[in-house]
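Protein chains: 2
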Amino acid sequence: MAPVASGRIIAVDAMGGDNGASAVVAAAVLAFKAELPLDKLVLVGQQDVLTPLVNAAGLSGEPRLEIVHASEVIGMDEKPKTSYMKKKDSSMARTIGLLKDGRVNAAVSCGNTGSLVFHATLMLRLLDGITKPAIATVIPTKTSYFVLIDSGANPVAKAENLMHNAILGSWYAKVVLGLKSPRVGLLSIGTEEGKGNDLTRESHELLKAINGTINYIGMVEGLQLFEGNGVDVVVCDGFVGNIVLKTCEGLAKMVKHFLEDRLRATPVRLVGAALSRGAFKEMKQRMNPDQYGGAPLLGLNGNLLKAHGSASSAALFSAIRVATDLVTHDLNSQVVIDVARANSTGREVALKQVEQSRPEPVNSGA
Amino acid sequence: MAPVASGRIIAVDAMGGDNGASAVVAAAVLAFKAELPLDKLVLVGQQDVLTPLVNAAGLSGEPRLEIVHASEVIGMDEKPKTSYMKKKDSSMARTIGLLKDGRVNAAVSCGNTGSLVFHATLMLRLLDGITKPAIATVIPTKTSYFVLIDSGANPVAKAENLMHNAILGSWYAKVVLGLKSPRVGLLSIGTEEGKGNDLTRESHELLKAINGTINYIGMVEGLQLFEGNGVDVVVCDGFVGNIVLKTCEGLAKMVKHFLEDRLRATPVRLVGAALSRGAFKEMKQRMNPDQYGGAPLLGLNGNLLKAHGSASSAALFSAIRVATDLVTHDLNSQVVIDVARANSTGREVALKQVEQSRPEPVNSGA
Numbered sequence: 009m010a011p012v013a014s015g016r017i018i019a020v021d022a023m024g025g026d027n028g029a030s031a032v033v034a035a036a037v038l039a040f041k042a043e044l045p046l047d048k049l050v051l052v053g054q055q056d057v058l059t060p061l062v063n064a065a066g067l068s069g070e071p072r073l074e075i076v077h078a079s080e081v082i083g084m085d086e087k088p089k090t091s092y093m094k095k096k097d098s099s100m101a102r103t104i105g106l107l108k109d110g111r112v113n114a115a116v117s118c119g120n121t122g123s124l125v126f127h128a129t130l131m132l133r134l135l136d137g138i139t140k141p142a143i144a145t146v147i148p149t150k151t152s153y154f155v156l157i158d159s160g161a162n163p164v165a166k167a168e169n170l171m172h173n174a175i176l177g178s179w180y181a182k183v184v185l186g187l188k189s190p191r192v193g194l195l196s197i198g199t200e201e202g203k204g205n206d207l208t209r210e211s212h213e214l215l216k217a218i219n220g221t222i223n224y225i226g227m228v229e230g231l232q233l234f235e236g237n238g239v240d241v242v243v244c245d246g247f248v249g250n251i252v253l254k255t256c257e258g259l260a261k262m263v264k265h266f267l268e269d270r271l272r273a274t275p276v277r278l279v280g281a282a283l284s285r286g287a288f289k290e291m292k293q294r295m296n297p298d299q300y301g302g303a304p305l306l307g308l309n310g311n312l313l314k315a316h317g318s319a320s321s322a323a324l325f326s327a328i329r330v331a332t333d334l335v336t337h338d339l340n341s342q343v344v345i346d347v348a349r350a351n352s353t354g355r356e357v358a359l360k361q362v363e364q365s366r367p368e369p370v371n372s373g374a
Numbered sequence: 009m010a011p012v013a014s015g016r017i018i019a020v021d022a023m024g025g026d027n028g029a030s031a032v033v034a035a036a037v038l039a040f041k042a043e044l045p046l047d048k049l050v051l052v053g054q055q056d057v058l059t060p061l062v063n064a065a066g067l068s069g070e071p072r073l074e075i076v077h078a079s080e081v082i083g084m085d086e087k088p089k090t091s092y093m094k095k096k097d098s099s100m101a102r103t104i105g106l107l108k109d110g111r112v113n114a115a116v117s118c119g120n121t122g123s124l125v126f127h128a129t130l131m132l133r134l135l136d137g138i139t140k141p142a143i144a145t146v147i148p149t150k151t152s153y154f155v156l157i158d159s160g161a162n163p164v165a166k167a168e169n170l171m172h173n174a175i176l177g178s179w180y181a182k183v184v185l186g187l188k189s190p191r192v193g194l195l196s197i198g199t200e201e202g203k204g205n206d207l208t209r210e211s212h213e214l215l216k217a218i219n220g221t222i223n224y225i226g227m228v229e230g231l232q233l234f235e236g237n238g239v240d241v242v243v244c245d246g247f248v249g250n251i252v253l254k255t256c257e258g259l260a261k262m263v264k265h266f267l268e269d270r271l272r273a274t275p276v277r278l279v280g281a282a283l284s285r286g287a288f289k290e291m292k293q294r295m296n297p298d299q300y301g302g303a304p305l306l307g308l309n310g311n312l313l314k315a316h317g318s319a320s321s322a323a324l325f326s327a328i329r330v331a332t333d334l335v336t337h338d339l340n341s342q343v344v345i346d347v348a349r350a351n352s353t354g355r356e357v358a359l360k361q362v363e364q365s366r367p368e369p370v371n372s373g374a
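Note that the protein sequences, when read in sequence, are chains E and G. Under this note's numbering, the first residue of the first sequence carries the number 9, and numbering increases by one thereafter. Under this note's numbering, the first residue of the second sequence carries the number 9, and numbering increases by one thereafter.
Among the hints, a few may not be true.
It does not matter which identical chain is used: a pair holds within one copy or between any two.
To be verified - Think about it this way: if two alpha-carbon atoms lie no more than 25 Å apart in a straight line, the pair counts; the simulated DMTMM-like pairs of lysine to aspartate or glutamate are:
| id | residue 1 | residue 2 |
| --- | --- | --- |
| 1 | K89 | E229 |
| 2 | K87 | E200 |
| 3 | K89 | D338 |
| 4 | K48 | E213 |
| 5 | K89 | E70 |
| 6 | K96 | D338 |
| 7 | K360 | E86 |
| 8 | K188 | E213 |
| 9 | K89 | D269 |
| 10 | K94 | D346 |
| 11 | K87 | E210 |
| 12 | K95 | E200 |
| 13 | K87 | E229 |
| 14 | K264 | D109 |
These are computed hints drawn from the structure, not numbers from a lab. As the structure is a computational prediction, the values presented were derived from the model and not from experiment.
Whole structure, please, built from the sequences with the hints as guidance.
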């Protein structure tokens, strides 16, 4: 299960994103400058596109850089299954192939989510005991950060999947946020027992049962997420998580544009904005999605990160940094132990529920 | 179905909110001052609490004000069924009772959502053809507003319910936003067909089939909601809608507090903030939830608005204003016609799908 390659070798799918290979090459420059604990960076994509960019960036003599050729590119709107069946030499398939074959320790792609989940699930296979992968995204609050899991890999989830998300999210919060005992909350529409839908009610029972393996604090509401210091891991299915993530992105953009626009409306306001520039800068830094530019696709045999389709070089650099973190902490071997324990507890909970719902025999015989 | 009371008589449950009866009485003062088209305002609650407040507000001689006594109050955390069974003389039950008996034309309550939905569904009954109620909330974008429906009444919805939400939301957008042909979008995690979950896929088919009755523009993502000028009615189930609403509230609060805090960090920034005060004021106005402080519980025989549990007097005043709008436009009689037509189209779609999924007989006989 552990990659056979020694050291820290990271592969980057250099073709899938909206900003193309140049953003990836610029991220490579940043990664070498920052002296990340990186033995090698492998850029995967069309050789004739990548070589000139690498040369222009002054990386032609860089011994830690390697290019692996892949002739095809998967577009942002291609269907997962079709892209998998028809484009065997895509940069995405080649990148995940390197991870599968143990030639790299982690991989980053900003290709389309559906195709990435499809390729990864079929090529890398899921970790023992896990039945669906999940994407974990780090989101800023007023004073800290929380991990949203699943933010879009598995839109049709069962309670068992949410239990696994809780474990995966906990371990990821330990690695990426440096927390000892991350507080796990289940996203719902009220904090009282019985609120929510069938999925949250069932998941709540499972999460209570595995408390100890994780630090479960109960159901949380949307209002609590951004207060900071309340919850570190927010568990939900990939449909709700993706909607939450994108709605928040949309709202944050709206607020930013509205304020920029209104601050430019009069000369006096412009002066005021210039004087208070520092506050806006701090706001921008806190809300900066590039800081954790890669969201891992967890639950798989291999460290795979998904970067945003429109990831900048700074965001791709962060993704490479988080990839090295995942390799250092060997997340998956710890996840597998917790999942095995939780699955056994989960089966007991399910059995008990079946027994409780079975009617008592009225006449049990003589 | 239409209320028998003539004119515009609005009842307000004066006890259920966090801010208590004083916020309701203050809202009454605002309503009379603003000269809303209002024949009478009925405050429902404990006489010994309300009378002193009404006197102190200088409303004791107001001929358009009436107090109806109700001895009990339903708390914010009480369970819907228990509160309904045990507190027959609650201000909520009495308020809805007035609406049911045709003694008022519309009613407003800031009591707890679950109890309100339970009371209203049992006491008022649903409109012909509708099987679940839905809450519609108006949300600001950069340049306009959209209606989110359902924002929390029905967390476990079927495709049929979402079809009804689309119709209810359309009519509400016509009344409250003054739009001629509101663009209806289905909230999902991608705009391509096939994306989402079973509920969105089924609902998408139904909404396409009733295009014409509504102006359906297809699936929309969270990122699009706040762009403005894209979608006017956003359809989803009450679980997703409530999470979206509360998460957005949480994020907006976080941004506000963070900026306020950072603008106070240095004297120079404080001066800057004072100079650009106008921009923040405009932002605050746009994001002000009080502007549409009442969210109607649609799909019922009667105009019932839910105000936020922590509604201010300004928000309660808006709710009373929106209540008069609903009475003026007689929303429900138009909804019933569209729902009947949509249900018949919906049945055809469902039949066709069953036929398509039935295998052709191999041997159809001699």
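Now the hints, each set against the structure:
1. K89 with E229: between (35 Å within a copy, 22 Å between copies)
2. K87 with E200: between (40 Å within a copy, 10 Å between copies)
3. K89 with D338: neither (30 Å within a copy, 50 Å between copies)
4. K48 with E213: Answer is neither; intra-copy 45 Å and inter-copy 49 Å both fail.
5. K89 with E70: neither (37 Å within a copy, 70 Å between copies)
6. K96 with D338: Classified as neither: same-chain Cα gap 29 Å, cross-chain 60 Å, threshold 25 Å.
7. K360 with E86: Classified as neither; 44 Å inside a copy, 29 Å across copies.
8. K188 with E213: Answer is within; shortest intra-copy Cα gap is 24 Å, inter-copy 47 Å.
9. K89 with D269: Neither: 43 Å inside a copy, 49 Å across copies.
10. K94 with D346: neither (37 Å within a copy, 45 Å between copies)
11. K87 with E210: Answer is between; shortest inter-copy Cα gap is 19 Å, intra-copy 32 Å.
12. K95 with E200: Only across copies: K95 and E200 sit 21 Å apart there, 49 Å inside one copy, limit 25 Å.
13. K87 with E229: Result: close only across copies, 18 Å inter versus 34 Å intra.
14. K264 with D109: Intra 44 Å, inter 49 Å, cutoff 25 Å: neither.
Taken one by one, the earlier hints fail for this structure at numbers 3, 4, 5, 6, 7, 9, 10 and 14, listed in ascending order.
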